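Engineer: One-letter residues, chain by chain:
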Amino acid sequence: MPISLGELATRFGCELIGDPDAVVSKVSSLQNAGPESLSFLSSSSFKQQLPATRAAAVILRPEDAVDSPVASLLSDDPYAMYARMAAIVCPLPTVEPGIHPSAIIADSARVAPSAQLEPGVVVGERTQIGENVYVGPGTVIGPDCIIGDDCCFIANVTLVQQVEIGARGRFHPGVVIGADGFGNAMTPDGWIKVPQVGGVRIGRDVEIGANTTIDCGAIDDTVIEDGVRIDNLCMIAHNVHIGEHTAMAAITGISGSTTIGKRCMFSGASGTVGHITVCDDVIVAAKSFLTKDVTQPGTYAASFPAQPVRTWAKQLARFRRLGRLIERVKKLEK
Amino acid sequence: MPISLGELATRFGCELIGDPDAVVSKVSSLQNAGPESLSFLSSSSFKQQLPATRAAAVILRPEDAVDSPVASLLSDDPYAMYARMAAIVCPLPTVEPGIHPSAIIADSARVAPSAQLEPGVVVGERTQIGENVYVGPGTVIGPDCIIGDDCCFIANVTLVQQVEIGARGRFHPGVVIGADGFGNAMTPDGWIKVPQVGGVRIGRDVEIGANTTIDCGAIDDTVIEDGVRIDNLCMIAHNVHIGEHTAMAAITGISGSTTIGKRCMFSGASGTVGHITVCDDVIVAAKSFLTKDVTQPGTYAASFPAQPVRTWAKQLARFRRLGRLIERVKKLEK
Amino acid sequence: MPISLGELATRFGCELIGDPDAVVSKVSSLQNAGPESLSFLSSSSFKQQLPATRAAAVILRPEDAVDSPVASLLSDDPYAMYARMAAIVCPLPTVEPGIHPSAIIADSARVAPSAQLEPGVVVGERTQIGENVYVGPGTVIGPDCIIGDDCCFIANVTLVQQVEIGARGRFHPGVVIGADGFGNAMTPDGWIKVPQVGGVRIGRDVEIGANTTIDCGAIDDTVIEDGVRIDNLCMIAHNVHIGEHTAMAAITGISGSTTIGKRCMFSGASGTVGHITVCDDVIVAAKSFLTKDVTQPGTYAASFPAQPVRTWAKQLARFRRLGRLIERVKKLEK
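Residue numbers (this note's numbering), protein chains in the order written: chain Z, 1 to 334; chain F, 1 to 334; chain W, 1 to 334.
Hints may contain errors.
It does not matter which identical chain is used: a pair holds within one copy or between any two.
Stated by the list, open to error - Pairs of lysine-lysine residues, derived as DSSO-like cross-links and limited to a Cα-Cα distance of at most 27 Å, are as follows:
#	residue 1	residue 2
1	193	26
2	26	47
3	47	292
4	292	262
5	47	334
6	193	262
7	47	193
8	292	330
9	330	314
10	292	314
11	331	314
12	334	262
13	314	26
14	26	334
15	331	26
16	314	193
Calculated from the structure, these hints are not laboratory results.
In this text the structure is predicted, and so the values were computed from the model without any measurement.
This is chain Z alone, in the form it adopts within the complex (with noise of 0.2 Å):
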């Protein structure tokens, strides 16, 4: 949507350097911005590429100001404001109410006059679907569910049954929720199912990324609180509980019943064991995982970043004697 940058910096309370009368209608990267791009600088990495961009503006740091060749929107978190305004400049694409006569809706369910259900949407009995809500191609949303105002379903997402979500959730295609959590006992004759008959609740402000699982409850619900962002290929397990504002970067694994804290941040491949407690504000480093309760703030790593692979056969030869060396080393002792 084209704007006028005078009426960008009113609205978000920036400072402009430049002809508030210039009007930004996409955004771009700082190198491929044309005439009519916002662009930002937020990191120092980008900033060679500053005094070359051709953006109608670039929003900055206020100190990076002097190194930009055109029209600069002030501000202490470039990002963030680019965030903001990015969402102006390219609004995600309005609701249209309706619902497509291929979209089968069972009797018992209430979806709100302002929503749209695309083709092959199927809603199960007792369902309600709020207001604003838009359900994408394929997406299926089992019985018992309560869907929030303003959600957003992309496409071929799946509610098994008893998902409550809160308003403006955005899932994208391939998330499952509320399928059965990993509960077996084991017995003479092998493997018995244990019944996966709890819900799944999740707060407001909630983003899942594709292809995540978030499992059911096994007897009582798992958790997610409001503002948490889960990245794709995520799995979270049955009683998991997530606090406000945790993220979650792809291919994260939570296990069973365990409790995170609010602010935590979860790198690519980290996760927990399951049945332990993490406090708020922890971070978890890329392939690294939590195998006990973290009760103080901070971060947490352990992995080994890859080496060419001969120094690194030599390190795990050297790993593989460490008990032979301590021998040695106390034989010197002696």
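Position chains F and W relative to chain Z; hints supplied.
Structural biologist: Okay, now just chains F and W, sitting in the frame of chain Z:
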């Protein structure tokens, strides 16, 4: 389904301490139980919740009964007993025979009259679907599949082709079975695809978690034996063979042509390389992976629990200087 | 498709030892081959199966022909030759032009008359679908996509929007391309979403495995070059660039804005951090991940093979006491 404690005790050969006419109609955790709840105590970590429970009855070990404030159902394995009783109290929904008008069934497919096919289901040529099978919305079952009686496909499952499944299988949303294995031959012009012409054979009583993928065999079939349980987001590559009652937790990957024995257990984010053989009764710890044949039952591990990042950074530095340390010891020895 | 050995030999310029009129109509492993089977021997680990094979013909290296009890097709690269011949013997199903009545095509979309669209397919506004494209059941192709000739989407694939794909791409079930990248800016009020407005550009001859996700770019596009092969359950984050003929095995994750060179190979459960550049011809070992720019071709690793748990526990204890060991050596040195 409401059922009296007396009937439960008789049906499963349990001793009951309490009123046999008392009725339970749901299952609950000890903490959240009410007067119609059946609960259980299997792990000592929940023992402190027992005295305050308001359940109608608790399944527990005989030695714990003294601390139960309510009726007790005695079992040496309360978790397995709970699994059995919960299946009675909270039965799975019954299959309602019929094919939704929006389902598309190939002419040469055969669907048992007792099966239920939900909206948007697609069934390919020559595929056979057994008695009481539930095929949830959006599920695609390709050509030349054979689906055993009482199987259940929750929703949005895909069987590509040539998949044979025994009775009572349970497949969660997003499961993909029979997609091409990862077979590529390098040539001077780049990769060329190796046709993947095998099928997948799955035994009875198998459960596969959401978004897990099981590839078809390259030439011979990929095989999953009876009673196997696989959690979400796992990868079973082409020509893998998994023995009876083996279980795998989420994000586990088994590479091509590997044979896994019976009753193995893979913890979360574990796996194996390809072309190895793993004997029966092997347990693999979380985040660990097997790199060669395993011939001895037991537990195998190789992972590092996350530590505070400064501790870890020091450890990593020490690890990298191991070669120098060895040199220093050698010098001392001289 | 039945074909004579003579025709195969001529077509691919192979020397044939045996009857040129003998016909093969299927492919088999050496062990399970019958009189209509074409088989191959590429790895020495299967050599002991050669003398007993009942195949009609075996593709093998000239030096192995002496041990073949049946007709031999000679090739210096039997695996690549098998790949080519198997594609003739077991051709992919041909595309049957037409749009199933249950498919929903947006008014402004253009679908080539030779394309086949299966039940439940949805095609968005302005999307173009090329000649001989197969779009399997339940596949959703969102707006503004361009699909090259001869592409194949097996079933239940989702392209969100702005995805451009070259000729002959092959996409397995559950693949999600073009979902939002994981872009969030932290503010005092929690995360705010950074709009993800880029697209995805995929070259020719690309194959993507089941349930893999490739996110759209944040601003500029995510790019996958010609001939790339990606296995199941992989994650390609926003603005990643993957060079020609690079291959990635399952559960590999490439973090945002990382550039990968040509002909790289990522083993299972490997990956990289974000914002790094990896040169051509890099191999990453299983479970290993790159944490900085790689400028030298070669193999990189950092993983520990699983060991019996007691051995591992001792190793872990020794590792943790490394600091103390170093102190002891220091003391000895004084």
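Engineer: Work down the list of hints and note, for each, if the structure agrees.
Structural biologist: Now for the hints, and whether the structure bears them out:
1. 193 - 26: between (53 Å within a copy, 17 Å between copies)
2. 26 - 47: within (21 Å within a copy, 60 Å between copies)
3. 47 - 292: between (42 Å within a copy, 20 Å between copies)
4. 292 - 262: within (17 Å within a copy, 30 Å between copies)
5. 47 - 334: Answer is neither: 60 Å inside a copy and 51 Å across each miss the 27 Å cutoff.
6. 193 - 262: Intra 33 Å, inter 18 Å, cutoff 27 Å: inter-copy only.
7. 47 - 193: between (57 Å within a copy, 23 Å between copies)
8. 292 - 330: neither (33 Å within a copy, 33 Å between copies)
9. 330 - 314: both (23 Å within a copy, 17 Å between copies)
10. 292 - 314: between (31 Å within a copy, 19 Å between copies)
11. 331 - 314: Classified as both; 24 Å inside a copy, 19 Å across copies.
12. 334 - 262: Classified as neither: same-chain Cα gap 52 Å, cross-chain 50 Å, threshold 27 Å.
13. 314 - 26: neither (52 Å within a copy, 47 Å between copies)
14. 26 - 334: neither (75 Å within a copy, 68 Å between copies)
15. 331 - 26: Answer is neither; intra-copy 72 Å and inter-copy 66 Å both fail.
16. 314 - 193: Neither: 46 Å inside a chain and 36 Å across chains, both beyond 27 Å.
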